[in-house]
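J.: The chain contents come next:
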Amino acid sequence: MKRSIEVDLLSRVEGTGALTIRGQAGHVEEVTLRIMEPPRFFEALLQGRGWEEAPDITARICGLCPVAYQMSACHAMEALAGVEIPAAIAALRRLLYCGEWIASHCAHMFLLHLPDFLGYPDLIAMAREHGELARRGLRMKQIGNAMMRAIGGREVHPVNVRLGGFYRAPEREAVQAMVPDLEWGLQAAQETVEDFARLEYQDMERDYEFVSLREPERYPILGGRIVSSGGLDCAVYEFEDRFEERQVPYSTALHSVLRGRGHYLCGPLARINLNFDRLGPAALEVATRAGFTVPCTNPFRALLARAIEVVQAFDEAVALVRDYVPPEPAHVPMEPRQGRGCGATEAPRGLLYHRYDVAANGLIEEARIVPPTSQNQGSMEDDLRVLAPRLLEMDDEAARRQAEWAIRNHDPCISCATHFLDLRIERA
Amino acid sequence: MKVAVWKFASCDGCQLMLLDCERELLTLGEVVEFAHFPEASSARVEGPYDLSIVEGSITTAHDAEQIQRVRRESRFLVAIGACATAGGIQALRNFRDVQGFLEAVYAEPAYIDTLAASAPISEHVSVDLELRGCPIAREPLLETIRAALRGCLPRLATDSVCMECKRRGTVCVMVAHGTPCLGPVTHVGCGALCPSVGRGCYGCFGPKETVNVAALEGHLEAAPEAIRRLFLNFNAGAPAFAQAARDEAKHRG
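These protein sequence lines are chains A and B, in that order. In terms of numbering that gives the first Met the number 0, the first sequence is numbered consecutively and its last residue is 427. In terms of numbering that gives the first Met the number 0, the second sequence is numbered consecutively and its last residue is 252.
Rather than coming from a laboratory, the hints here were simulated on the basis of the structure. Nothing here was measured: the structure is a model prediction, and the numbers come from that model. Mixed in with the good hints, there may be bad ones.
[Said to hold, decoys possible] List time: in silico SDA-like cross-link candidates among lysine to any residue, alpha-carbon distance up to 25 Å:
| hint | chain 1 | residue 1 | chain 2 | residue 2 |
| --- | --- | --- | --- | --- |
| 1 | B | Lys249 | A | Gly130 |
| 2 | B | Lys1 | A | Arg127 |
| 3 | B | Lys165 | B | Asn211 |
| 4 | B | Lys1 | B | Phe75 |
| 5 | B | Lys1 | A | Asp115 |
| 6 | B | Lys249 | A | Gly47 |
| 7 | B | Lys1 | A | Tyr119 |
| 8 | B | Lys165 | A | Asp115 |
| 9 | B | Lys249 | A | Arg167 |
| 10 | B | Lys1 | A | Gly130 |
| 11 | B | Lys249 | A | Leu362 |
| 12 | B | Lys165 | A | Gly47 |
| 13 | B | Lys1 | A | Gly118 |
| 14 | B | Lys1 | B | Leu25 |
| 15 | B | Lys249 | A | Ala359 |
| 16 | B | Lys165 | A | Ala149 |
| 17 | B | Lys1 | A | Pro120 |
Sequences are here, hints too, so could you generate the full structure?
T.: Structure (structure tokens):
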């Protein structure tokens with residue numbers, strides 16, 4: 000008997016997509032994650048634009064992680080120009096980026112993901128019975144946004160970032176005024192890890208190949224080498240030699256694969272698995288207390304990985320703010336030259352790669368942008384393939400809820416990858 | 000009051016401003032019913048809706064049909080952000096050949112459904128209020144919801160970033176440093192952020208009402224090509240900015 004279950008859209012993700020699972024108990028025929036976000040053609044509209052415009056134009060790819068786009072674009076152009084960024088500017092960038100990690104992670108954890116664990120349709124319903132937790136989450140998110148405002152001018156599409164640094168460095172007093180909120184945030188984030196450690200996590204283990212950046216001494220945010228749990232270790236400019244983007248007929252996002260190896264996973268779970276030894280003392284201590292160890296290959300525990308990263312971000316932010324001296328000058332002057340520049344940074348959702356071919360007059364001839372969600376599409380489908388036999392035995396409502404939850408584990412940003420998910424389970 | 004939030008081609012940043020009202024969000028959730036807000040809730044209630052907040056531009060045949068349905072089901076329809084009010088950065092395609100765009104991004108362009116132009120919501124249906132910005136500002140959004148609760152829509156400021164900048168007491172970047180700045184022709188609303196960091200306004204809020212762009216163009220100290228690109232941004236689809244870009248292209252000649 001042929002059965003088909005349809006949901007018109009998958010909620011609590013950023014953007015528009017659809018999901019189909021076809022088969023019967025014991026036999027999964029097909030799993031496809033379809034991304035239907037209307038294409039916006041950023042790579043094409045960057046052609047003929049000035050190289051200095053790339054950070055502001057690419058920020059508009061994603062309202063949730065504009066800083067990630069700005070930073071990857073800056074890194075690419077700075078690599079092209081052969082410019083070294085002074086430590087004080089790099090520190091201010093890292094502080095801005097910590098703000099985005101906090102705001103984006105808290106939005107995902109509390110507004111999108113946690114309602115699944117606690118059984119609510121959304122944060123507002125959840126707050127009626129878990130008021131303290133909801134308010135704490137919102138306040139942490141608010142602090143992340145305040146950091147972006149203090150440094151970038153606004154939280155969505157900051158205006159103060161430019162190639163080589165910043166238009167104007169914020170005053171020392173304005174930055175240091177954040178200390179009390181950041182100290183509160185650090186403690187709130189630690190409590191959150193402990194609260195999340197007490198949640199019930201369903202069993203699921205996967206054999207992901209994890210991919211992230213790795214910095215020489217710190218937890219990866221801005222730069223480093225690209226490494227994987229399968230032994231990959233390459234420079235950012237080698238990305239396109241090692242990774243390949245493929246188009247599939249049912250999606251407006253391109254799928255990435257590691258050449259010769261297949262699907263892989265980037266994002267918080269990948270970062271923490273590959274860089275556990277780079278966590279600062281506060282994050283390491285709370286992870287240990289919460290019983291979080293690596294390797295961790297249960298995608299549902301990505302919630303916990305994200306929460307530990309929020310501790311890391313607050314902890315770094317406190318130190319960066321205390322040591323903050325406005326960089327002088329606020330940016331390094333740069334001249335365009337003909338050639339190719341590649342840059343990668345760790346967006347909240349994972350590795351974000353940019354490559355630009357620039358003409359001698361500074362106009363962009365070609366651009367390539369690989370966002371984390373398109374890299375994770377294959378692994379998200381694989382997760383559903385692993386879950387499918389379980390899903391096909393559940394009633395429709397439970398199966399839909401479970402499939403959506405599994406997708407949310409990876410915090411897909413479908414706007415980045417190219418709109419929302421509509422879920423269809425067809426039972427043969 | 001039943002509120003719906005809809006998304007078309009966009010970056011999610013404008014609807015995120017609603018979730019970025021951290022202080023107000025839980026109270027808001029008690030005084031209005033978010034009947035359709037897929038980014039924030041899996042609960043969904045059928046229309047009609049008292050207020051529809053619409054983000055994004057119309058770029059596909061499917062979305063062109065969908066916006067008609069949203070209009071039919073909504074008492075107030077408010078378009079938010081540069082994508083919904085001017086077509087967004089993706090309206091740059093309107094100046095170029097879409098097939099070429101498709102081929103630059105996708106290996107198999109035949110799979111992709113897209114319209115030739117990226118259009119603001121008002122080009123498809125009547126819109127009751129537009130909130131400008133890339134992204135929109137938080138306060139006008141809250142003011143819109145407050146007003147809608149009383150059965151009306153707010154009157155919002157329509158003057159320029161330049162006025163806002165003067166009120167802030169920022170030294171003029173154009174007069175003092177010759178930095179090209181769209182402040183005199185750009186709609187108020189951001190708080191005059193760019194001049195406050197020593198940068199020229201790059202037009203996130205689009206052209207203000209009754210604007211004389213040509214009068215500004217003669218004062219911008221930059222090459223025509225750079226000025227053209229300054230207008231061809233997030234509000235490239237707004238008629239006044241599109242015209243300015245065409246004028247500059249002629250100068251370049």
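J.: None of the hints should be skipped; say for each whether it holds.
T.: Hint-by-hint comparison with the structure:
Between the alpha carbons of Lys249/B and Gly130/A the distance comes to roughly 60 Å, so the proposed pair goes past 25 Å and is violated. Taking the CA atoms of Lys1/B and Arg127/A, the gap is about 19 Å. The hint holds against a cut of 25 Å. A hinted pair counts as satisfied when its Cα atoms are at most 25 Å apart, and Lys165/B with Asn211/B qualifies at roughly 19 Å. Distance restraint check for Lys1/B and Phe75/B: the Cα-Cα separation of roughly 11 Å lies within the 25 Å cut-off, and the hinted pair is therefore satisfied.
Pair hint Lys1/B plus Asp115/A holds up; C-alpha atoms about 24 Å apart against a cutoff of 25 Å. Our distance criterion of 25 Å between C-alpha atoms is met by Lys249/B and Gly47/A, whose separation comes to about 17 Å. Pair hint Lys1/B plus Tyr119/A holds up; C-alpha atoms about 19 Å apart against a cutoff of 25 Å. Proposed proximity of Lys165/B and Asp115/A is contradicted: the alpha carbons are some 49 Å apart, above 25 Å.
Proposed proximity of Lys249/B and Arg167/A is contradicted: the alpha carbons are some 35 Å apart, above 25 Å. Distance restraint check for Lys1/B and Gly130/A: the Cα-Cα separation of roughly 23 Å lies within the 25 Å cut-off, and the hinted pair is therefore satisfied. For the proposed pair Lys249/B and Leu362/A, the alpha carbon gap of about 20 Å is at most 25 Å, so the pair holds. For the given pair, Lys165/B sits about 34 Å from Gly47/A by alpha-carbon distance, which is inconsistent with the 25 Å threshold.
Of the pairs offered as hints, the one joining Lys1/B and Gly118/A holds, with about 23 Å between alpha carbons and a cut-off of 25 Å not exceeded. A threshold of 25 Å between alpha carbons decides the hint, and for Lys1/B with Leu25/B the separation of about 16 Å falls inside it, so the pair holds. At most 25 Å may separate the alpha-carbon atoms for a hinted pair to count; Lys249/B and Ala359/A meet this at roughly 24 Å. At most 25 Å may separate the alpha-carbon atoms for a hinted pair to count; Lys165/B and Ala149/A meet this at roughly 21 Å.
Simply put, Lys1/B and Pro120/A have alpha-carbon atoms about 17 Å apart, close enough for the 25 Å limit, and the pair holds.
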